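Respectively, the protein sequence lines represent chains H and B.
Quick note on our numbering: the first sequence kicks off at 1 and runs consecutively.
Quick note on our numbering: the second sequence kicks off at 1 and runs consecutively.
Incorrect hints may appear among the rest.
DSS-like mimics (lysine-lysine), calculated; alpha carbons at most 27 angstroms apart, straight line [said to hold, decoys possible]: (1) H:57 <-> B:3; (2) B:3 <-> H:53; (3) B:38 <-> H:3; (4) H:57 <-> B:103.
Partial list, derived from the structure: chain H residues whose beta carbon lies under 10 angstroms from chain B [said to hold, decoys possible]: (5) 11; (6) 14; (7) 40; (8) 48; (9) 58; (10) 108; (11) 109.
Cβ-to-Cβ under 10 angstroms is the rule here; a few derived chain B residues that face chain H [to be verified]: (12) 6; (13) 8; (14) 33; (15) 47; (16) 50; (17) 104; (18) 113; (19) 116.
Worth flagging that the hints you see were computed from the coordinates, not collected in a lab.
Treat the numbers as computed from the prediction; the structure is a model and nothing was measured.
Heads up, the beta-carbon is just placed ideally off N, CA and C, and yes, glycines get one too.
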Amino acid sequence: DVKVTQSSRYLVKRTGEKVFLECVQDMDHENMFWYRQDPGLGLRLIYFSYDVKMKEKGDIPEGYSVSREKKERFSLILESASTNQTSMYLCASTSRDWTSGANVLTFGAGSRLTVL
Amino acid sequence: AQKVTQAQTEISVVEKEDVTLDCVYETRDTTYYLFWYKQPPSGELVFLIRRNSFDEQNEISGRYSWNFQKSTSSFNFTITASQVVDSAVYFCSYRWGSGNTGKLIFGQGTTLQVKP
């Protein structure tokens, strides 16, 4: 069964801490994404990567960075966590050429981050 | 700019009732794709259906059916004879056609609660 695995389902961090959210996919997908989900706002794209070491900003990249050193792993980094980054974070991947609008994303189960 | 609106924030029905989830989109593109995803309590979004802008044929899959109408820019989702397992958050999303790296736009999501 193909999967996108997010290593932490629940995290509690303190303001100012550096936070790493890890995502691994076993489908040999080229494209990987980080979304943030908040009530009433749907899913908003933070960053995506279409190849190893490649990244592009999404709608809300401020306060976040990403790392893609290996094809299967895409990490989201909060350099200095703040309370307004308390949210559900969803990782996704897709194999098709991202220039095709038909891409279907495969999602992980999410990481719920609370920043105190 | 493209936009997806799911005006129904929460819907509550009793098991076996039919329920329709509304999705309205705004675009000037001629080629685009529309999607529905389901997010059960486990957190992982699951792909349900994809439609391209040139295919207005409605689709039925078991208890699920989708009505795509370009004239009203709507892509509504109906569950017939709802079941408790249908309880989830449902997202409608949009992406324009091809030859670009544009993002997938999500609606705000509709939380469906099916009571026994």
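Now the hints, each set against the structure:
no.: 1; hint: H:57 <-> B:3; result: 19 angstroms, holds
no.: 2; hint: B:3 <-> H:53; result: 30 angstroms, violated
no.: 3; hint: B:38 <-> H:3; result: 16 angstroms, holds
no.: 4; hint: H:57 <-> B:103; result: 10 angstroms, holds
no.: 5; hint: 11; result: 14 angstroms, violated
no.: 6; hint: 14; result: 24 angstroms, violated
no.: 7; hint: 40; result: 6 angstroms, holds
no.: 8; hint: 48; result: 8 angstroms, holds
no.: 9; hint: 58; result: 6 angstroms, holds
no.: 10; hint: 108; result: 6 angstroms, holds
no.: 11; hint: 109; result: 4 angstroms, holds
no.: 12; hint: 6; result: 8 angstroms, holds
no.: 13; hint: 8; result: 12 angstroms, violated
no.: 14; hint: 33; result: 5 angstroms, holds
no.: 15; hint: 47; result: 5 angstroms, holds
no.: 16; hint: 50; result: 6 angstroms, holds
no.: 17; hint: 104; result: 7 angstroms, holds
no.: 18; hint: 113; result: 15 angstroms, violated
no.: 19; hint: 116; result: 25 angstroms, violated
Hint violations for this structure: numbers 2, 5, 6, 13, 18, 19, all remaining hints satisfied.
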